[in-house]
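Student: Chain by chain, the residues:
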Amino acid sequence: MYQTTYHRASSVDDAAAAFAKGTEAKYLAGGQTLLPVMKQRLAAPSDVIDLAKIPALIGIEVGGDAVTIKAATPHYDVATSAGVAKAIPALAALAGMIGDPAVRYRGTIGGSLANNDPAADYPAAVLALNATVTTNKRSIAAEDFFQGLFSTALEDGEIITAVSFPIPAKAGYAKFRHPASRFALTGVFVAQTKSGEVRVAATGASQNGVMRVPAIEQALKANWSAAALDGVTISADGMMADLHGAADYRANLVKVMAQRAVKDAG
Amino acid sequence: MTAISLTVNGKVVSGNVEDRTLLVHFLRDHLNLTGTHVGCDTSQCGACVVHVDGRAVKSCTMLVGQADGASVTTIEGLADGDELHPMQAAFRDNHGLQCGYCTPGMIMSAVDIVQRHGGQLDEATVRHELEGNICRCTGYHNIVKSVLDAAGRMNAAQAAE
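Protein chains in written order, with this note's numbering: chain A, 319 to 584; chain B, 33 to 193.
Here chain A stands alone, though its shape is the one from the complex (with noise of 0.2 Å):
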């Protein structure tokens, strides 16, 4: 690793100062892909900037419409809470499927989302909920904030403070893991609104990174079935294509994720 200046911010309006004055600050949150590009020297970040102990940036919070849940937040704590799995199971069965129990620990949902690797979970289930992502400066709807490969719409020293999914009147996820790794090789979000539409969202399949998938939406919107599937076919046009999958078979497994995601939410 590089030399870099390490600051624990105290506070949002802290963090965003300190990486105003860093000429190539970035923000650390749990440090589970900062931290290993770090080592490998593919990044060299003057400043590292630590979001993790700012209190305003921790919990999670379950309303009736909608569940909130802080930037900071560590996917264990997501995984577990009572509450989430009250309101979306699905987005804490979700957390519980990321890395592994030591990654769960100090990974958080706004260093995945800011990052936007085009395999990790949680994109699918903000772009499939609906969700909004709340920064330190706007509110940004899940459509807009997802931009392609390991980019968003987050400016310079922009910082997520949380992310509030509404509740669905059911959900669903599957992933087939890559079995190193634990990314997603293909992970599917599917969610039913509470007034009836359906969206369904793609990850680790799409060269574009997350993606809704329409072909699936509109096949449960008229049947909310597995079976409803059987006849979609995706196409494999612009999927990711490495040594761990063909395009063509990320594309089927983009249709047999969303039937398992589908049999999950019930």
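The set of hints was computed from the structure by calculation and includes no laboratory data.
In silico EDC-like cross-links for lysine to aspartate or glutamate, where the CA-CA straight-line distance does not exceed 20 Å: (1) A:K344 <-> B:E50; (2) A:K371 <-> B:D51; (3) A:K357 <-> B:D51; (4) A:K357 <-> B:D73; (5) A:K488 <-> A:D582; (6) A:K371 <-> B:D100; (7) A:K512 <-> A:E461; (8) A:K339 <-> B:D51; (9) A:K357 <-> B:E50.
With chain A fixed as given, assemble chain B onto it according to the hints.
Tutor: Leaving out everything else, chain B in the frame of chain A:
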């Protein structure tokens, strides 16, 4: 350089370290607590697992600055004097190791698993929960046996209190 102060195995330690110092390097190189191992250095293998404020985390994926003010327990801090922790005793009794390289991390993760699951542990759960710890000798059979044995001992000890 940054000044840090944390509690390691019950003792307050402090020092001036480079900001880029990882917790595992602070433990090994500054405190000479070499029981915590560096295996893969890519956050996958779990040989470096220690407890930070009671949670089993990978010390190769944490700056020591992030642990400033925290309470850290390493494999050296688990035994009570000469008396092994039930998890250590169970690993010895069940031959839960081959080369031993992954063992400190396995034990630290396993203690955390038992603390989280209490009496609900079964073999499938242990195997699933150990997904962040890799034994390159592939000696998982006796590791799982050790964890289940220790869970029984830890729960019995707790019930007796």
